[in-house]
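Letter by letter, the chains look like this.
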Amino acid sequence: MNYKTLIGLEIHVELSTNSKMFCGCKNEFGSAPNTNVCPICLGHPGALPVMNKKALEYAIMAGLSFNCNIRNSFKMDRKKYFYPDLTKGYQITQQDMPLCENGYIEVHTKDGIKKIGLIRIHIEEDTGKSIHNEEGNTLLDYNRAGVPLIEIVSEPEMSNADEAKEFLENLKETLKFIGISDVKMEQGSLRCDVNINVIDEDSNFKTRITEVKNLNSFKAVYKAINYEEKRHLEMLENKDEGFKETRRWDDASNSTVVMRRKEEGSDYRFSVEGDIPVTIVEDEFIEEIKNNLPELPSQLMKRFIKEYNISEYDADILSRNKYLSKYFEIVTKEVKDPQLVSNWLLSDVLRRVNEAEIEFEEIKMESKNFAKLLNLIKNKDINNNTGKKVLRKLFEDNFDPEEYVKEKGLIQVNDDSVLEKIVDEVLANNQESINDYKNGKDRALGFLVGQCMKASKGKGNPQKFNEMILKKLVR
Amino acid sequence: MNIKELRNSFVSGEIDLRSYYTKLIEKIETKKDLNIFISFNKEDIFRQIEKLEEKQNSNCGILFGIPVTLKDNISYDKLKMTCGSKMLENFEPIFNATVVDKLIEEDAVIIGKVNMDEFAMGSSSETSYFGPTKNPIDNKLIPGGSSSGSAASVAADLAMISLGSDSGGSVRQPASYCNIYGYMPSYGTISRAGVVSMANTLDQIGILSNCVEDIVTTTNVIGGNDSKDMNSTLKESINFQIEDNYNFKNKKIGIINLDKFEIEEAVKKDYELAVDKIKSLGAEIVELDFKYLKYSTAVYSVVMSSEVSSNMSRFDGIRYGCLTDEYETTDDLYINTRSEGFGEETKRRIAMGTLFLAAENNQELYKQGQKVRKLMSDEFDAHFEKVDIILTPTTTNLPYEIGSRTEDPLSVYDSGTFNVPVNLCGLCCISIPVRKGISGSIQFIGKRYEDEEILNAAYYYERSNN
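Chains as they are written, first to last, in the working numbering: chain A, 754 to 1228; chain B, 6 to 471.
For reference, chain B alone in the conformation it holds in the complex:
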């Protein structure tokens, strides 16, 4: 069932809201060992249900009764917002993120806040203060990250859609590992107001779901201009249309030669499978040569950690959140609070960013990073002169076993080779599973603000692939 069908069943009374949610809550209880939820509150769910019951016969919203989970860096004033960190373990936000207001406006049911890598830093969920989320397909495996709980909640059928955040693949990579769809719109399409910044020029709200159509429905609800976010699109509202007669004939799809990259064999095979499929559907395949793609993780590391170092500085223990018990001077207060409150990966990135921004070397790497970022963006622009869509694997590998790579924190950065350029250049992207089960995924990358193209392509591919 998709959003439209479930909504209509609720509206018509065919499915009873209350019993649906009673069952859903039971199901959530039985899957507790997956460690998906950080905050989950039955009373809050039934409070929302009550409200919906009152209006059942009048104006039902587009998402009437649809169960949604939120990554725990998205502010919802009825539940804690921990960001997966001890720093905000007991933090209760006092306002809603704009996306949350928009979901509620259209009668979605927010069922809980889900697990994530600490402050969205990580790609396995292992940096969460609340322990790793498990992959619903195989609970020995990581579900990906940082939007681990979002992907897992959808894959485990505990939510129909989940909102995550994506700064370098944090929606698409877990979607791929959990074998679902993950969409990251063009920068600015969805407001970031109320979303805790990790690397603010890269962060985007993304949507995880079991099908493309639900992603489109949700984007149309939560997208559009927001006066609280100066980077949000000027378009008052988003109204993406699925075209039933979209096809790949007369479409040019750019692919890349994977030989230049370190990439797992299984992932490569699934990519080739997808390319063949798309070719057979009539698309013209164009092999593109990328000069700067191989620097993507390096550039990403510099840009991301530099932004992290400033975005994390507000967590100083003074106004909210974790505060150390032991301090004598103000400096002690900062140092001890931040030492106790932040996890290892967060500290690592703050330290890196601080170094990149230090005046000592004239901010050489920071400036260089910004330059290469521009070059990458120009390269994508040039390629989009020739092709409609660029197709890459979502990740370079398949999910690995929880705990198997914690010794080598830097090795996990490279899985984002194909993810991060999209964020660096403000493009749009959707990750699509190639096969059922643990498999490789592909991503359709589109030009900035041409999200409709990749969504239609994904929808067409989805139907042809099933």
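Chain A on its own, in the form it takes in the complex:
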């Protein structure tokens, strides 16, 4: 059977404006419940919404970063439903005239770069939060009610979990780059729903779309897609089109669970939000925002390759994270060896970041100290091994590595006479290895260098040891 998986994502992103979408209340995560509220966001009678210009600007920034067309005039709409955390009985959103349309995000696949289309990005307000406590009561916190959101809707053009993961990573990093959201999934500032179904390309038979809602980590998105893909394939094999349904990911059972089946969509009885007049977005305004946009990952990558002559692979990874790319550039300026900086950052430093389960921006090691360390290595003041050991400590405690290596006596010994003495001593004590080497066992050389390093307490210059031994052991 020739089949294809169709995956589309809907992503809600909270914008990190200072105030809410339609009122002056603070937009802040973690405040005491119901402290950032006013008549407007509580939907008191007579209160009218007033648009936050910054939120509009942020939404346009997102649209431009994802290659969208920006609408020159837009209206807002009311989406109606009753829910305790919805204060007005309707959510102010955009129905048929989204602010941004027809964009794309690039992902790498084994067949090269693939453009995943974005249908739309529109602006709307967030709702409050219902908290269900153990006594069975529902408590309501309206701090989040009215927080500005953008909703990003992709075309169903991703074909597997890896593409979806890369799409999300790219999206997240870009939003972080342009600084319009803190994109923290665990705090709900980035929320993702997955739409998935599969199609038999020979017969055109397809399963009905499943929507997996409220995924709260990239891992969950990844797992849910794989789970659903498998489930849908089984359905496809049985020629069972299934139900159009909403499911959620259940971490405990590692599976998705049905929330509700919908034969038809809910009727939100959309109507125009007349309290907000049609807003004109001037070309100059869009142009100004465009000019103030920071360099985006894809642009950075190209520049890194050109400017620093590093590999595409390295440039790609370095450019994906705003803080990592900045760090790289700052350190490179001091060290003046981009490849060395990149090697150390991408292997040793990122490994430590992953092990510590932190974000790159949270590292303690200051760029100036890291640069000093790399310069010590570059100038052969310490050898690579020592460098790795120092890095491990530096990553934890952030100190001045120059002082540290002096204090600890880790400076590499490059003095030929000192080194030669050690070599002579080692050779004198290892006749067997010398014989081995002469009999063609190359491994013996490594052993002898190792012995020299040991004898020098790790401070000897290993290259020099190598050269000296070779010279003395001419076969």
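Keep in mind the hints are simulated off the structure, nothing from the lab. Some clues are possibly wrong.
Unchecked claim - To give a feel for the contact side, a few chain B residues facing chain A, derived at Cβ under 7 Å:
1. Ala-198
2. Val-200
3. Asp-234
4. Met-235
5. Asn-236
6. Thr-238
7. Gly-322
8. Arg-324
9. Tyr-339
10. Asn-341
11. Gly-431
What the hints assert, rightly or not - Dumping the calculated DSS-like pairs for lysine-lysine here, alpha-carbon to alpha-carbon at most 30 Å:
12. Lys-284(B) to Lys-832(A)
13. Lys-832(A) to Lys-352(B)
14. Lys-352(B) to Lys-1015(A)
Virtual Cβ for every residue (Gly too), placed ideally from N, Cα, C.
On the provided structure of chain A, position chain B as indicated by the hints.
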């Protein structure tokens, strides 16, 4: 006495504020049976008087000491705001409407919140949870609505001006029934911030008064841009001028042929009387043909009730207002609260609007309504190419007896035939009595933002008619 005269008497000390208000309060007590006030608080009045007394000799505001009543859908943080509904029977708002702040800024005295049809839905005051207001001219009759208490408070001389809200004639029709002046400015001239929305693209704050000059004075105080209302005019402030040498010579006034409409004979006669009068004052009368006017109540019903259905949805009992005692699920909570809290007319309009907005028929009527609304607006624009002012009767009938039409709720919608197009198209309008007593009124309709024209015309007509 008008606003300027009364203000000056207070400022000069010729009339003592405290004794004026003591007498006014007595008068209000004696007219209690008219059921005009929903919230009335003597202490609050005297608290305001005290404040005014302190500044009597320094900077006295434009409305210094002027008694004002507010329709009970306008937020004033010292009194309840019920909107004439059980839903908000005990609701105490926590902020002032912008118009209220502006009134207070100019030293007006807010004497109370007055009766209205529930959430401004109705045209007789009979949908008020607090019972109908009575017409001060003849207390068997309805005073009109929904701004019934506003009109009655002015007509009964209990306030010099009153603020009402007008979404389809709710200021002009009661002004007509109570034989006073009712002005609805162009959409956006006066901020709606703090006014409870009924149909938000139609709602406007209007002013009821005994004379045109007071309306102009008040508009200049409460009008202008408000950062809290995105639909408010961009003009920082309103400064309408009455021109003493305004007259009807060189003016073209458009009239309509009433034969096409179902309209009471007395109203028709008064309209003709007014047309003759205006003609005699030198205006050129131009008969206009309206293609879409006859659809006005139908379009209005669709647009209005659709907006009502969303504007009323915030009244769910969860954060404020009426909350049912009996519920087990959240759905029960909503259904029971709204069943108990809303009156019949409000429920009827919510139900209609919900139907119009339902996806089932692709929102056919809602979309159609918006289209015809645009056509009507274009038609008015075209007519205003030819005339300066359009003149129609304010209503199609005279006030009827309280309780006589409650059986047929839909029949009362049609009285707004000439009112509602003005709201649908965002135009400005003023209703002017033709004769003293229960009589027909006329309305001058003007182009959007050309309020000065109709106010001057009304002022000129008022003087010539007296």
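Going through the hints against the structure:
At about 5 Å, the closest approach between the beta carbon of Ala-198(B) and any beta carbon in chain A falls short of 7 Å, and the interface hint on this residue holds. For the restraint placing Val-200(B) at the interface with chain A, the shortest Cβ-Cβ distance is roughly 6 Å, inside the 7 Å limit, so the hint holds. Annotation: interface hint on Asp-234(B) holds; nearest CB of chain A at approximately 5 Å, less than 7 Å. For the restraint placing Met-235(B) at the interface with chain A, the shortest Cβ-Cβ distance is roughly 6 Å, inside the 7 Å limit, so the hint holds.
Nearest Cβ of chain A to the Cβ of Asn-236(B): about 6 Å, under the 7 Å cut. The hint holds. The beta carbon of Thr-238(B) comes no nearer than 11 Å to any beta carbon in chain A, farther than 7 Å, and the hint placing it at the interface is violated. Taken as an interface hint, Gly-322(B) does not check out: its beta carbon lies about 10 Å from the nearest beta carbon of chain A, beyond 7 Å. Restraint check, Arg-324(B) versus chain A: the minimum CB separation of about 6 Å is within 7 Å; hint holds.
Hint on Tyr-339(B) holds. Least Cβ distance to chain A is approximately 5 Å, under the 7 Å limit. Checking Asn-341(B) against chain A: minimum C-beta separation of about 13 Å lies over 7 Å; hint violated. Annotation: Gly-431(B) was flagged as interfacial toward chain A, and the flag is violated, the nearest CB pair being 11 Å apart, outside 7 Å. Between the alpha carbons of Lys-284(B) and Lys-832(A) the distance comes to roughly 51 Å, so the proposed pair goes past 30 Å and is violated.
Restraint check for Lys-832(A) and Lys-352(B): satisfied, since their Cα atoms lie roughly 20 Å apart, inside the 30 Å limit. Straight-line distance between C-alpha atoms of Lys-352(B) and Lys-1015(A) comes to about 29 Å, which keeps the hinted pair within the 30 Å bound.
Of the numbered hints listed earlier, those contradicted by the structure are 6, 7, 10, 11, 12.
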